[in-house]
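Undergrad: Below, each chain spelled out in residue letters.
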Amino acid sequence: MKILRRIIQWTFFLAFGIGFLSFMPDKPARLFALLPGLQVFPAIGRYPLIALIVLGVTFLVGRIYCSTLCPLATVQDLFAGRKRRYSWRELSLPIHYLLPAVALAALLAGVPALASILDPYSMTGRMVSSINELVILPFVDLVGLILRRFSIYITTYPIQFRWVTITVSLVTAAILYTLSRIGGRLYCNSLCPVGALLSIPARWSLFGLRIHQDRCTSCGVCEQVCKAEAIDSAAKKLDRSKCVSCFDCHTVCRFDALSWGRTIRDQTDTGRRDFLKKTVSGSILLLGMPVVARAAQGAVTSVGKTAVAVPPGSGDIKSFLSKCTSCSLCISRCLGNVLQPAAISQYGLRGFGVPFMDFSRGSCEYECRLCSELCPSGAIRPLALDDKKRVKIGDVRFLKELCVVETDKTSCGACGEICPAGAIDMVYIGESFNGALEIPVIRSDLCIGCGACEFVCPVIGEKAIVVDALRVHKTAKKREEGSIEAPEEVDNEFAF
Amino acid sequence: MRIDDQGISRRDFLKKSGAIAAGMGLGLMLPGKSRLFAQTSGGRTAGSSDGTYQLAAVRNGEPDTMFDRGIRALGGMGRFVSPGDIVVIKPNASFNSSPDRGATTHPALVKRVVEHCFEAGARKVYAIDHVLTSNAYRDSGIKLAVEDAGGAMVSIESNSGYGKVAIPGGRRLREAEIHELVAEADSLINIPILKNHGSTGISCALKNLMGLVWDRNYYHRNNLDQCIADFPLYRKPDLNVVDAYFVMVDGGPRGRSNSRVLNAKMQFLSPDIVTADAAALAQAGQLGVRGTGGVGFVDRAAENGLGISDLGSLNIARLSL
Numbered sequence: 001m002k003i004l005r006r007i008i009q010w011t012f013f014l015a016f017g018i019g020f021l022s023f024m025p026d027k028p029a030r031l032f033a034l035l036p037g038l039q040v041f042p043a044i045g046r047y048p049l050i051a052l053i054v055l056g057v058t059f060l061v062g063r064i065y066c067s068t069l070c071p072l073a074t075v076q077d078l079f080a081g082r083k084r085r086y087s088w089r090e091l092s093l094p095i096h097y098l099l100p101a102v103a104l105a106a107l108l109a110g111v112p113a114l115a116s117i118l119d120p121y122s123m124t125g126r127m128v129s130s131i132n133e134l135v136i137l138p139f140v141d142l143v144g145l146i147l148r149r150f151s152i153y154i155t156t157y158p159i160q161f162r163w164v165t166i167t168v169s170l171v172t173a174a175i176l177y178t179l180s181r182i183g184g185r186l187y188c189n190s191l192c193p194v195g196a197l198l199s200i201p202a203r204w205s206l207f208g209l210r211i212h213q214d215r216c217t218s219c220g221v222c223e224q225v226c227k228a229e230a231i232d233s234a235a236k237k238l239d240r241s242k243c244v245s246c247f248d249c250h251t252v253c254r255f256d257a258l259s260w261g262r263t264i265r266d267q268t269d270t271g272r273r274d275f276l277k278k279t280v281s282g283s284i285l286l287l288g289m290p291v292v293a294r295a296a297q298g299a300v301t302s303v304g305k306t307a308v309a310v311p312p313g314s315g316d317i318k319s320f321l322s323k324c325t326s327c328s329l330c331i332s333r334c335l336g337n338v339l340q341p342a343a344i345s346q347y348g349l350r351g352f353g354v355p356f357m358d359f360s361r362g363s364c365e366y367e368c369r370l371c372s373e374l375c376p377s378g379a380i381r382p383l384a385l386d387d388k389k390r391v392k393i394g395d396v397r398f399l400k401e402l403c404v405v406e407t408d409k410t411s412c413g414a415c416g417e418i419c420p421a422g423a424i425d426m427v428y429i430g431e432s433f434n435g436a437l438e439i440p441v442i443r444s445d446l447c448i449g450c451g452a453c454e455f456v457c458p459v460i461g462e463k464a465i466v467v468d469a470l471r472v473h474k475t476a477k478k479r480e481e482g483s484i485e486a487p488e489e490v491d492n493e494f495a496f
Numbered sequence: 001m002r003i004d005d006q007g008i009s010r011r012d013f014l015k016k017s018g019a020i021a022a023g024m025g026l027g028l029m030l031p032g033k034s035r036l037f038a039q040t041s042g043g044r045t046a047g048s049s050d051g052t053y054q055l056a057a058v059r060n061g062e063p064d065t066m067f068d069r070g071i072r073a074l075g076g077m078g079r080f081v082s083p084g085d086i087v088v089i090k091p092n093a094s095f096n097s098s099p100d101r102g103a104t105t106h107p108a109l110v111k112r113v114v115e116h117c118f119e120a121g122a123r124k125v126y127a128i129d130h131v132l133t134s135n136a137y138r139d140s141g142i143k144l145a146v147e148d149a150g151g152a153m154v155s156i157e158s159n160s161g162y163g164k165v166a167i168p169g170g171r172r173l174r175e176a177e178i179h180e181l182v183a184e185a186d187s188l189i190n191i192p193i194l195k196n197h198g199s200t201g202i203s204c205a206l207k208n209l210m211g212l213v214w215d216r217n218y219y220h221r222n223n224l225d226q227c228i229a230d231f232p233l234y235r236k237p238d239l240n241v242v243d244a245y246f247v248m249v250d251g252g253p254r255g256r257s258n259s260r261v262l263n264a265k266m267q268f269l270s271p272d273i274v275t276a277d278a279a280a281l282a283q284a285g286q287l288g289v290r291g292t293g294g295v296g297f298v299d300r301a302a303e304n305g306l307g308i309s310d311l312g313s314l315n316i317a318r319l320s321l
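Protein chains in written order, with the numbering used here: chain A, 1 to 496; chain B, 1 to 321.
Source of the hints: derived by calculation from the structure; they are not laboratory data. The beta-carbon is built from N, C-alpha and C at its ideal position, and this holds for glycine as well. Mixed in with the good hints there might be a few duds.
What the hints assert, rightly or not - Some chain A residues close to chain B (C-beta under 7 Å, calculated; not the full set):
(1) Phe139
(2) Thr156
(3) Phe161
(4) Leu335
(5) Asn337
(6) Val404
(7) Thr410
(8) Ser411
(9) Glu417
(10) Gly435
(11) Ala436
(12) Pro458
(13) Gly482
(14) Ile484
(15) Phe496
Next up, chain A with everything else stripped away, as it sits in the complex (with noise of 0.2 Å):
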């Protein structure tokens, strides 16, 4: 059983590890999608059926989630190494349900911030992210290299180090990487959000693991090599709320008196101390939710000075805010490289590692809408591509006397040539020693904020053309062209 799970496990881990990776193709974009959307988390934002289907299963077989689908199972796993005896017994923290509690109840308030830095699949985006960029995108530039000395050319990337992502990925992997060595999942049932709301079906799952009251002999192997302490050898007990499905304790048990099928009722007492726990976390997240909700007011409006935009499908900034886990599948993935992780200037402490849109980085992908295909937490919803072309995420703005043409007389033209909404109109304004002369004239009604201008712009240091972020998206019109028309014959006749 734990060969099997393993296999399953692993296989989703690398199906998922691969959909973070910057340079993979951008379609089919749904089967990327696929298994972060069907985190626990991200699902309560978007799409709460998955969350509640989850719960549903959790309630037929037990915490299999926590040993196949989460991607942080196999990282503490990883951390944690070979099966080992944990010698450490009662490290259930204080904290054991409160913490989550507080987090969901944050986030069904609007304030992912807690929840973000908890979420198991949240954590294990940034730190995969960081891996990408770290270790994936240099091996690639050094295979590029190698096969460079061979005559073959393979794309190779822009390594960019977002430290952002970094720095919250390391520190988050060492303190992941000693709750593992000490107590193997200690983050699943002291930390993990997840975990506590799955341990509430788990505890009356209708199959699971559980102890042959008849073949036990309490020889305590199985207990010491359990990594969520959910198993008493001595009164033969499995809790099955705690029990994360690893099957560990499967395969040490040389009495086979542990296996896998219907369960038992007498096996779910987990005591009156753990009840009073449950209901207490409980209550807090009924009622604390209104008081969470208005000490988040003063978080969520407080949204630094100058709006930064916000991709397009997030509709306004703070219900991106509301929504947003920071796992940073959106910035790994972005086609314009637009997407970056913010730091606290821009959205404040809680948008720490939040994305933004950074145009002196890249610019939105006219043709593209991959963050909203791919968002499983609804911070950035999907959207048809003829529609994202109209969302105006900022408006553009046209310094002239910063414009090269205007300084130097000189052609240009950066921006004119790339704008993908026909917002930018190059006008004959005299000539040059070189020709004629053509500037930009912007038109604000079809701008779309997509940044592509101010990306290009060549003016070293202030730009002179910019996108000012808006706070609620609004619709540009689009230029009204007419039907396209198919290439019109022409006499041909040779001019010389």
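Chain A is already provided as a structure; the job is to place chain B on it using the hints.
TA: This is chain B only, laid out in the frame that chain A set:
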């Protein structure tokens, strides 16, 4: 490090670049690959003394059939590609636009050129363009065309594989970062699209070479026309094939959905880049392409001694299919 009229050997180039540094895209100075004929003043065209045509103008065929006819008039592909050559072709793949919009080189022409290269005995054919949009190679159809013919499309996302070269005699462009293939290729074939361009008037053979450099911004802020005219001082293409099958009249270089596109069914071939552009410019003016009145870079290039712009002095093959 040897420099002869063939340029430096590949091994010398690699030794000089240094392994790791090149890999990290640090853009070291490539050894000066001075090609003797690039520095001749007054323009040099191949075979002007033996009666071969310096310019082939073809019309009323398809992009591939016109190329077949045109290259024959110029003396055959063997004049530009020798057996065992490494060839680099430079199409215009800049936008993810279908060929009938006239923003990119027609894939059928690109494919035919690659096929001719192999027929002439080329060992490898690479296509390269530093494009302006994601997936432009794919959506312009050029990637498939190149690969179908047995060539390889070099995709540019970072500047690894690039190195700095000096531009001897450049008035504004003194150095540029180019891909090592462009420095090393035995033959460089330029396959521009002829179209209107919002900042340079038209885009054609000279403008097309801008896609070979890494830092396009340098051109834009340092007199675009002059930089365009300076680059070929480093290396002139051995052959220029101007695609005027679908010609974008206005709204270039990207084109709008209501841009007028003419099905002009023409093609101009010349080993002289200035001649190719002078011919294209004249034809574009006659076809009514916008912007032909204010083009500066052709004269600048002629001043740099890069070729002959006076069409009246040349042997021109005018071919109708």
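Undergrad: Restraint: A/Thr410 near chain B, CB-CB cut 7 Å. Satisfied or not?
TA: Holds, because the Cβ-Cβ distance from A/Thr410 to chain B comes to roughly 4 Å (cut-off 7 Å).
Undergrad: Would the hint on A/Ser411 be counted as holding, given a Cβ-Cβ threshold of 7 Å to chain B?
TA: holds, 4 Å
Undergrad: Holds or violated: the hint that A/Gly435 contacts chain B, with Cβ atoms closer than 7 Å.
TA: holds, 3 Å
Undergrad: Under 7 Å, Cβ to Cβ, is where A/Asn337 needs to be relative to chain B, so tell me if that hint holds or is violated.
TA: violated, 9 Å
Undergrad: Mind checking the CB of A/Phe161 against every CB in chain B and telling me if the closest is under 7 Å?
TA: violated, 13 Å
Undergrad: Can A/Thr156 be said to touch chain B, with a Cβ gap under 7 Å?
TA: Holds, about 5 Å.
Undergrad: Regarding the hint that A/Ala436 lies at the interface with chain B, is the smallest CB-CB distance below 7 Å?
TA: holds, 2 Å
Undergrad: Under the criterion of a CB-CB separation shorter than 7 Å, is A/Ile484 in contact with chain B as hinted?
TA: holds, 5 Å
Undergrad: Given A/Leu335 was flagged as interface, is its beta-carbon under 7 Å from a beta-carbon of chain B?
TA: With a minimum Cβ separation of about 5 Å from chain B (threshold 7 Å), the hint on A/Leu335 holds.
Undergrad: Let me know if the C-beta of A/Glu417 comes in closer than 7 Å to any C-beta of chain B, holds or violated.
TA: holds, 5 Å
Undergrad: Would you settle whether the hint for A/Val404 is holds or violated, based on the nearest Cβ-Cβ distance to chain B being less than 7 Å?
TA: holds, 5 Å
Undergrad: Have a go at the A/Phe496 hint: is there a Cβ in chain B nearer than 7 Å to its own Cβ?
TA: holds, 5 Å
The structure fails to meet hints 1, 3 and 5 from the earlier list, while all remaining hints are met.
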